[in-house]
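K.L.:
Those sequence lines, one after another, are chains Z and P. Note that this note's numbering gives residue 30 to position 30 of the first sequence, counting from 1, and the numbers run on in steps of one. Note that this note's numbering gives residue 125 to position 14 of the second sequence, counting from 1, and the numbers run on in steps of one.
No wet-lab data here; the hints were simulated from the structure. Small disclaimer: the values here were computed from a predicted structure and weren't measured. Quick reminder that beta carbons are idealized off the backbone N, C-alpha and C, glycines included. Be careful, since some hints might not be right.
[To be verified] Taking CB as the label site, the calculated pair distances span:
| no. | chain 1 | residue 1 | chain 2 | residue 2 | range |
| --- | --- | --- | --- | --- | --- |
| 1 | P | Leu193 | Z | Glu67 | 39 to 47 Å |
| 2 | Z | His38 | P | Gln124 | 19 to 27 Å |
| 3 | Z | Asn2 | P | Thr121 | 23 to 31 Å |
| 4 | P | Ser223 | Z | His38 | 18 to 26 Å |
| 5 | Z | Asn10 | P | Thr121 | 40 to 48 Å |
[Unchecked claim] According to the in silico footprint, chain Z covers these stretches of chain P (three or more CB under 8 Å from chain Z):
| no. | segment |
| --- | --- |
| 6 | 134 to 142 |
| 7 | 213 to 220 |
[To be verified] Okay, the calculated bits of chain Z under chain P, using three or more residues with CB under 8 Å as the criterion:
| no. | segment |
| --- | --- |
| 8 | 21 to 34 |
| 9 | 40 to 54 |
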Amino acid sequence: KNEVEQSPQNLTAQEGEFITINCSYSVGISALHWLQQHPGGGIVSLFMLSSGKKKHGRLIATINIQEKHSSLHITASHPRDSAVYICAVNFRASGTYKYIFGTGTRLKVLA
Amino acid sequence: SQTIHQWPATLVQPVGSPLSLECTVEGTSNPNLYWYRQAAGRGLQLLFYSVGIGQISSEVPQNLSASRPQDRQFILSSKKLLLSDSGFYLCAWSPRGLGNQPQHFGDGTRLSIL
Chain Z
1 KNEVEQSPQN LTAQEGEFIT INCSYSVGIS ALHWLQQHPG GGIVSLFMLS
51 SGKKKHGRLI ATINIQEKHS SLHITASHPR DSAVYICAVN FRASGTYKYI
101 FGTGTRLKVL A
Chain P
112 SQTIHQWPAT LVQPVGSPLS LECTVEGTSN PNLYWYRQAA GRGLQLLFYS
162 VGIGQISSEV PQNLSASRPQ DRQFILSSKK LLLSDSGFYL CAWSPRGLGN
212 QPQHFGDGTR LSIL
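So here's chain P without its partners, still in its complex pose:
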């Protein structure tokens, strides 16, 4: 069966520090991968998605970047965190090319910027 792992679960970082959140998927190949952010009291917002290694699409301009160095690995990064980067970050995957397939979510990372 397929599983998605996301870490760390919680992170407290000072303003201006770098960030790296990692997400890996097991039990499937060529997944579509997604990074979402949920700000306090707000809905989930798509940040990045990827349909293949090295292929990253950004949905909103921001201080973050994403990379997909391997088929089942998706990384969310920042060189210098801002206070506004605080929030709950979720990684998700869905099967490639099968249309109406549900996305499956990781457990999320709660990021607090001080």
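Next comes chain Z alone, as it looks inside the complex:
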């Protein structure tokens, strides 16, 4: 079992739909990072959170530390949101902070 699990693995939505991507983890963490990877491979940071909720534009991220679960929501989805969304947990080990990554959720938003 992976230490960081994302669901769904693939998601196709119609433009305007509300989208939820889930991330569950099994290790103790100091923070969780949501990332967006575009087809070319470049990675953009969306949110880093250790409690509660963060919102930026149409994106909302929540985390429940007790349940070891985070969700990324996209409201009013648009084709330009099509990308792979990756959840990464940040934890301290061997004197430094490291990430464990989920395998990503591939989102395709159709016009």
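With the hints as your guide, set chain P onto chain Z.
P.N.:
Relative to the frame of chain Z, chain P by itself:
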């Protein structure tokens, strides 16, 4: 502001050839530096990290090595590439010693071994 540069963007190499991928960070000092690999259809895997010049920690046994000859330079190398070394390689940095700071990623190098 801080920036991270990684090159080349794409590379096609024959099996058995050497490899050198370079990553540099600007606008910060003493960063933590990381090399990741993303195999096709798989998640990102940490290969190496460095907390200072000449200090390299390896996360997984493999055919690759890393070096940090200068504070903001991180190099990924191989003497003889294998087919299994194909993948997407990402360099990242984070501020040293500040705990929950996000890592910042380069644009990656797509490596194809023939």
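K.L.:
In this structure, is the beta-carbon distance linking P/Ser223 and Z/His38 contained in 18 to 26 Å?
P.N.:
This hint holds: roughly 19 Å between Cβ atoms.
K.L.:
Under 8 Å between beta-carbons, do enough residues of the segment 21 to 34 of chain Z, three at least, approach chain P for the coverage claim to hold?
P.N.:
holds (count 3)
K.L.:
Could you check the hint for me, namely that P/Leu193 and Z/Glu67 are 39 to 47 Å apart, CB to CB?
P.N.:
holds (41 Å)
K.L.:
If I claimed the Cβ atoms of Z/Asn10 and P/Thr121 lie 40 to 48 Å apart, would that claim hold in this structure?
P.N.:
Because 25 Å falls outside the window, the suggested range is violated.
K.L.:
Okay, the segment 40 to 54 of chain Z and chain P, do three or more residues pass the C-beta test at under 8 Å?
P.N.:
holds (count 7)
K.L.:
Could you say whether the range 19 to 27 Å given as a hint is met by the Cβ separation of Z/His38 and P/Gln124?
P.N.:
At roughly 24 Å between Cβ atoms, P/Gln124 and Z/His38 fall inside 19 to 27 Å, so the hint holds.
K.L.:
For the segment 134 to 142 of chain P, do at least 3 residues have a Cβ located nearer than 8 Å to some Cβ of chain Z?
P.N.:
This one is violated; 0 residues, fewer than the three required, reach chain Z with a Cβ under 8 Å.
K.L.:
Using the Cβ atoms, figure out if Z/Asn2 sits within 23 to 31 Å of P/Thr121.
P.N.:
holds (29 Å)
K.L.:
Please count how many residues of the segment 213 to 220 of chain P have a CB within 8 Å of a CB from chain Z and say whether that reaches 3.
P.N.:
holds (count 6)
In this structure, the hints that do not hold are numbers 5 and 6, in rising order.
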